[in-house]
Structure formats: structure tokens, C-alpha cells
Amino acid sequence: MRKIHLAAAAIALATGVSTASAQTATGSVTVSARVDAVLTATTSANLNFGTAISPSAGSVTISTGAAPAGTGQVLGAISISHNSDFSTAVSSAPTYLQQGADQLPVSFACAYSTSATGAIVSGSSAACNAMPNRTATTPGTTQNTFLQVGGTLTVPAGVAPGTYTAPSAISFLFTAITT
Amino acid sequence: MQATRRRYCRTGFRTLFGAFALFVLCARPAAGQVAVIPGQPLRFGTLLPGVPTRVAPTDGTARADIQVTGKGRMTFVVVLPASVTNISGQTIPLQFSANDGLYQVGKGPLNTFDPRSPLTITVPASGGAVTLYVGGTAVPSSIQPPGSYSALLTVQAIR
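Each protein sequence line maps, in turn, to chains D and E. In terms of this note's numbering, the first sequence opens at residue 1 and continues consecutively. In terms of this note's numbering, the second sequence opens at residue 180 and continues consecutively.
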């Protein structure tokens, strides 16, 4: 019987020792970093509708995707340097050009391109306040995109001759899109 | 015959009780449970492409800290991430050096350790918790895609 006692005690001791040894515990914390996007915008060309002759009503349109051919006409363009996708929104836009009390209604159309007067990026021609996001070709690598700004100027019959200008610039807000 | 059986039963009961008592005594950890309590994350903040950024283990606002409770001889293994990753799978390599780790027992002095190697210390019964502080260096490329990057840093405590 004493042998049985000792055997049971030995088993218990062995079991107990193995439970008490080699405790492990683990825990984790996060490691985080952020890389900001590069995004700068510079006016490359101001939109100019050129000279309109107005014995009768009509309109002048400057289209995106090519340099306009008319005298004095200039396609507006903003050069955007970016290394990520970005969105485009219109902050403010004039609705007319004016000279004194005379006003000529104006509307705008935009498109993305890789040059100020070059072909537009497929699918990017839209009203300026409804532009799709511009995708960076290689995220992280700085690239240049041009936002071309064209539009249509309505010239009513009998307006006074002269130089008409917008009371304010059309302004855009570009926002980098990062993950 | 019956008396003999009763004696055997008493003896058997005593044996089992003794074994159970011994088991409980031996199974009780000698110095409490080991627990790892995650504290502050390791934050590199905003990085500039192409510019390595180091967080020192003495930087109280950016270093990682992890607390370990337990007494006796313990080994700590810090599993360091090789990089942080963004949602698109792009990575920023991380580097850790011999002086990117500090540990402190209770309110004792700070001691430097190499987080790339296991650290073994003996924590006295009156020593308090062990706190590990870990810094490191993030090495973004010059064409590092913008965005948020993250990884996990894990501490394993063995006693």
C-alpha cells in the first residue's frame, strides 16, 4: 500500500510540475505610418473666347481636346502635379462676362489631358462641376495632368463692342485621394 | 473481511486526497501568471518620400510600449514587422537596430536592449511589471505611394 501512495504522489508531482512550467503570453501593438500626397496646381493658360462679331445673336465655343483656331482664342488650362488620384470640384464660377452694364452669358466644359491643348484623357470630358476623379498612372510617382477649361459664350444681338471679362475667375478645388 | 475492506477504502481515500492536495500545490504557479498588456502603438507619423524617419525608444509620444506582468526569470521575444503595408499591398520597409529597445522593471532605470534578439531577465518578486519600449526606422522610397500604412509588432513573454 505504501508503494501505491508513493506512485500516486509521484504522478501528482509530475503533473503539477509540468503545469507550472513554460508559461507564455503574447500581445501586439500596431505600427503605423502615413505618406502624404503631392498635389500642386498652377494656372497654365487663361480661357479667351477671342473676337466675336455681333450684328446678330450667336455664340462662341472653345472645345477641349485641341488648341482653338480662332483669332485670339485660348483654351484655358491648369497644370496639376500629383502622385495620387485626385478629385476636381468647382469652388466658384462666373455666369457671365461683362463690360459696363452689358453681360454675355458663359458656361464651362472641362477635360483632363496630358498637355495644355492636347487630346483629352478618355472619358474625362464633362461639365466642370461633374468631373470624374483623375487616376494616377503610377501612385507615388509624380505626374502632370492638365485640366483643360473650355466653354460657350453667348453673344446676344446688339451688344456694345468692347472687351468683356468675367467678374471673377472660375476656381477649382483639387483633392488628393489616398488610401 | 469487512473490516479489511473498510481499511482499504480509508487508505485509498487518503491516497487520492493526498495526491490531489499535492497536485494543487504543485500546479499553482510559483509567481503568478504571465500577461502581456499592449500599450501605445509605434507611430512614425507623416513620412516624406525618400526620407528615412526614426522613432527613438525614448520618444514618449511615438514609441511602442508593452507591459508584461509576471515574476521570475522571463524571456521576451519581440516579433518585429519587416515593413508596414497599405490597403493596396504597397510597403514601407522598417529597420530596427541594437539600440531601438528599452526595458524598465517597475519604476527602475531604463535599460537598452536589442529588440531583434530575445531578452532574458529575472524579475524579483517585488520588481513590478516590465515595460518594453520599442522604436525603429521607416524607410519610404522616393516614389512611395501616398496613404496609410500599418503592421503589427508582437511581444511574446515566456517564463
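Hints were generated in silico from the structure; no laboratory data involved. If you're wondering where the values come from, they're calculated on a predicted model, not measured in any experiment. Beta carbons: idealized from backbone N, C-alpha and C, even for Gly. Be careful, since some hints might not be right.
Facing chain D, according to a computed beta carbon distance under 8 Å, are these residues of chain E, among others [what the hints assert, rightly or not]: (1) Ala243; (2) Ser276; (3) Ala277; (4) Asn278; (5) Pro324; (6) Leu332.
Evaluation of the provided hints:
The beta carbon of Ala243/E is positioned within 8 Å of a beta carbon in chain D (closest approach about 5 Å), and the interface hint is therefore held. Because the smallest distance between the Cβ of Ser276/E and any Cβ of chain D comes to about 15 Å, over 8 Å, the interface hint for this residue is violated. With a least beta-carbon distance of about 19 Å to chain D, the hint placing Ala277/E at the interface is violated under the 8 Å criterion. Violation of the interface hint for Asn278/E is found here, the shortest Cβ-Cβ separation to chain D being roughly 18 Å, above the 8 Å cut-off.
For Pro324/E, the interface hint holds, since its Cβ comes within 8 Å of a Cβ in chain D; the closest pair sits about 4 Å apart. Because the beta carbon of Leu332/E sits about 5 Å from the nearest beta carbon in chain D, less than 8 Å, this interface hint is met.
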